[in-house]
Amino acid sequence: MQLNRLVNFHKTLGDKTRIRIISLLKEGPLHGQAIAGKLGLTAPTISHHITKLREIDIIYQRREKNTIYFYLNEKNLKVMAEAILRIGNDDQPRKFTIQENEKYKIIDNFIKNGKLKNLPAQHKKKLVILEHLVKGLEIGKTYSEPEMNEYIKNYHEDYATIRREFIMCQFMYRQEGQYELNPKEMWPI
Numbered sequence: 001m002q003l004n005r006l007v008n009f010h011k012t013l014g015d016k017t018r019i020r021i022i023s024l025l026k027e028g029p030l031h032g033q034a035i036a037g038k039l040g041l042t043a044p045t046i047s048h049h050i051t052k053l054r055e056i057d058i059i060y061q062r063r064e065k066n067t068i069y070f071y072l073n074e075k076n077l078k079v080m081a082e083a084i085l086r087i088g089n090d091d092q093p094r095k096f097t098i099q100e101n102e103k104y105k106i107i108d109n110f111i112k113n114g115k116l117k118n119l120p121a122q123h124k125k126k127l128v129i130l131e132h133l134v135k136g137l138e139i140g141k142t143y144s145e146p147e148m149n150e151y152i153k154n155y156h157e158d159y160a161t162i163r164r165e166f167i168m169c170q171f172m173y174r175q176e177g178q179y180e181l182n183p184k185e186m187w188p189i
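Residue numbers in the sequence shown follow full-length UniProt numbering, run continuously in steps of one, and reach 189 at the last position.
One or more hints might be untrue.
In silico lysine-lysine, DSS-like type, Cα no more than 30 Å apart, as pairs [as the list claims (entries may be wrong)]:
1) 103 to 38
2) 126 to 184
3) 26 to 16
4) 135 to 184
5) 75 to 26
6) 52 to 78
7) 16 to 105
8) 153 to 117
9) 117 to 103
10) 125 to 115
11) 135 to 105
12) 103 to 78
13) 52 to 38
14) 153 to 124
15) 125 to 153
16) 38 to 16
17) 105 to 117
18) 126 to 153
19) 135 to 125
20) 125 to 11
The hints are simulated quantities; they were obtained by calculation from the structure and are not laboratory data.
Between the sequences and the hints, there should be enough to build the whole structure, so can you do that?
Quick look at the structure:
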């Protein structure tokens with residue numbers, strides 16, 4: 001699971017009104033006016049909070065005639081709430097264990113004279129190459145996008161693709177144009 005998505009989930013739930021709405025919807029579906037009445041808030045306020053909860057996909061709606069009812073998506077709520085416990089666990093999806101000698105063979109096949117020939121299509125091999133590339137970056141240091149581009153250009157001219165792969169494969173995270181390595185426990189290999 002992407003770290004940004006997990007952070008956004010927890011930020012969204014960091015509001016007592018939203019937690020109260022979730023608590024009400026655990027008992028069953030309600031329409032907006034009913035939620036507003038039970039919480040003593042205005043309909044526009046409830047609408048705002050419902051929108052935020054829908055954005056993280058823990059509430060969905062169904063129309064019955066002229067009334068829209070909101071339902072709690074308990075499955076998604078549970079998955080997202082427990083996701084933080086799975087970070088770094090061996091049972092995390094797509095966690096690969098690759099022998100060191102196999103890694104060296106992959107690196108030797110795709111990197112010549114310090115340059116990346118091409119990014120492997122096979123996911124497992126791509127992860128080995130990305131791990132090799134990020135090892136030159138410092139844990140705890142924040143990099144600007146131009147700094148990342150210059151670093152990646154040392155290995156390959158398509159810095160935008162490599163930068164994106166670092167994020168998608170959980171080696172790094174990006175916030176407001178700043179890049180930082182994730183802890184090694186979050187890396188997929």
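Structure-based check of each hint:
no., hint, verdict
1, 103 to 38, "violated, 59 Å"
2, 126 to 184, "holds, 17 Å"
3, 26 to 16, "holds, 15 Å"
4, 135 to 184, "holds, 10 Å"
5, 75 to 26, "holds, 12 Å"
6, 52 to 78, "holds, 17 Å"
7, 16 to 105, "violated, 53 Å"
8, 153 to 117, "holds, 12 Å"
9, 117 to 103, "holds, 16 Å"
10, 125 to 115, "holds, 16 Å"
11, 135 to 105, "holds, 17 Å"
12, 103 to 78, "violated, 36 Å"
13, 52 to 38, "holds, 19 Å"
14, 153 to 124, "holds, 23 Å"
15, 125 to 153, "holds, 20 Å"
16, 38 to 16, "holds, 14 Å"
17, 105 to 117, "holds, 14 Å"
18, 126 to 153, "holds, 17 Å"
19, 135 to 125, "holds, 16 Å"
20, 125 to 11, "violated, 34 Å"
Going through the hint list in order, the structure does not satisfy hints 1, 7, 12 and 20.
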